[in-house]
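2 protein chains.
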Amino acid sequence: MSGPRDAGGLAPLRPVLYDEAADAVRIIDQRRLPAEEAWLALESADAVADAIRTLAVRGAPAIGVAAAYGLAVEARRGAGGPELRLAAERLVRARPTAVNLAWAVRRVSLRIGEGAGALLAEAHAIRDEDEESCRRIGALGAPLLPPGARVLTHCNAGALATAGYGTALGIVRAAREAGRLGEVFADETRPFLQGARLTAWELKRDGIPVTLITDSMAGWLMARGEISAVVVGADRIAANGDVANKIGTYSLAVLASHHAIPFYVAAPWSTLDPATPTGEGIPIEERASDEVVRIAGELVAPEGVPARYPAFDVTPARLVTAIVTERGVLRAPYAAAIAALGAGAPASPGR
Amino acid sequence: MSGPRDAGGLAPLRPVLYDEAADAVRIIDQRRLPAEEAWLALESADAVADAIRTLAVRGAPAIGVAAAYGLAVEARRGAGGPELRLAAERLVRARPTAVNLAWAVRRVSLRIGEGAGALLAEAHAIRDEDEESCRRIGALGAPLLPPGARVLTHCNAGALATAGYGTALGIVRAAREAGRLGEVFADETRPFLQGARLTAWELKRDGIPVTLITDSMAGWLMARGEISAVVVGADRIAANGDVANKIGTYSLAVLASHHAIPFYVAAPWSTLDPATPTGEGIPIEERASDEVVRIAGELVAPEGVPARYPAFDVTPARLVTAIVTERGVLRAPYAAAIAALGAGAPASPGR
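Protein sequences appear in the order of chains A and B. By this note's numbering, the letter at position 67 of the first sequence is numbered 83, and the numbering carries on one by one without gaps. By this note's numbering, the letter at position 268 of the second sequence is numbered 284, and the numbering carries on one by one without gaps.
This is chain A alone, in the form it adopts within the complex:
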């Protein structure tokens, strides 16, 4: 199935689209990358919820955009208000940690009653604003990096994780455009291998130099002076600046601190959750241990050995050098910094 981008592969990568002809949400199936670029057409909110749960679409901003379109498609296919509200609840429950999902669903839900067109317009606005936010995050974040920066990133906080351009990889892209990027080290990010499969794929696609490492190599590269900065995304940021992100992020933050390497978090403002005072309050999704003991379907551990799989961890604000949002670069103390930038702009709808 050919995807909606041009043959040269140079069009900006946008992993979640609305297909007007089919009245469906079209997403790149991220489970099948990098082997093949397959697109799915999702024709209901529940199909979108399934795609979120099974990681066909992942990345905090991207699942927010997909869910927004899912609700719009549901409305266009004739669902009424009560049905839409139930569908919205099911979407929010698809993954518990990322707050952008609940934020986007709530924002579209506010338009229930105004007709399907209003929901679709809101979903389009969320998508467009997200990509615009990513470009702004890139522009604000790139100057934080030294010339020739060698950037370590974890998981995939790229175009694939957003409406387009990326958060952490938005900073990488902007640094590249500004001639400040040396190279990117991508942690493979077990167990789902988002770094190996997705970050390596999208950077290679865009001609950005990337070297793959296992998660266990990051500390050693830091000790040898090979890393200038760590830049990661976020799934939820508490009011005090604590950051929930893909499991393994916390270890990188401790390692960066030990080696006096700056540790930056890049995230749209919608990732900030003022209703959660500290990281302690962020729910951490536990996924099935089968995703750890199997790789590409193959059992790599003895039958029956238990495995843990917390999908996220929480990095305390004290280990975060700065949080780059589209509204500005936040630095400690984060509660005050968030309040200062939050006060100047209307709070997100529904908060």
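Source of the hints: derived by calculation from the structure; they are not laboratory data. Any given hint might turn out to be false.
Each pair may be met inside one copy or between any two copies, as identical chains are not told apart.
Stated by the list, open to error - Computed cross-link-like contacts, DMTMM-like style, restricted to lysine to aspartate or glutamate with a CA-CA straight-line distance of at most 25 Å:
id : residue 1 : residue 2
1  : Lys220    : Glu319
2  : Lys220    : Asp306
3  : Lys220    : Glu199
Using the hints, position chain B against chain A.
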């Protein structure tokens, strides 16, 4: 092919044996665990060198024992002194980081000229002494753990990595026998997955509770108070106490230090290398990047993306709480501690 252990699976696990009937070195093929327990019969020193290079046998003490038997088999099959010396050189070059390999080969080489029987007797002695050392390491190390200890280990420093019983897992086994063990967390240890495939397999075989985690989860478990101690093996220990071990060990040491969790290294005395003053002088083997981009034969990254694969890293002595050897428990300053215990016993032959 059935292996030389009893049907009940309760005989001590010994991964390297001498097969008198076949005049061959018999090893468990560790590349095929945990899916199957297949034994190889190696009929020359070069076959042993190949098995070491391809990781059919791995673990610093185990490759020393295998190389010792390889040289003995070569002698029994009629090789003369000059041929044996060349075979010895090829064995030592099979892997550069572990010092036990060179130590064992040198020790057997000293018997060249005394007849094949002398070489075999020396290899048997190395094997028997290694297992005895592991049991002594276990006895000395177990009391360092708190009751109900939850031990994190990396790679496989177990029976499979030694003549039997294990170094880090020797401490685990001794703690279990003493009723002090809560459970073991095994890092999967990418890229070769020694933790998932080997440590989980041998602990499960012996009924020791083990939970598998990805390498990226260790920091988060430490932050949540779930780890009492880290216990790892070593491939070479410099004269100042710096420790070369499987890539990822250094990150664990930094994380343990950050969380005030003791970090223990378990190794036979033959792992100490007085000829190498500090970790800077330890050669770090770089393996093929193909071993990172493929898992179980499957390509997990885009075709052509480069990957790094330093097979080992060096943990500075200041991050090591204690080094447990069969001669005693060493603590900083390590140079003095090593000298104190080394002085009381004859130096290893050939040093």
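To see whether the hints hold, each was checked on the structure:
no. : hint             : verdict
1   : Lys220 to Glu319 : between (36 Å within a copy, 10 Å between copies)
2   : Lys220 to Asp306 : between (30 Å within a copy, 17 Å between copies)
3   : Lys220 to Glu199 : within (11 Å within a copy, 42 Å between copies)
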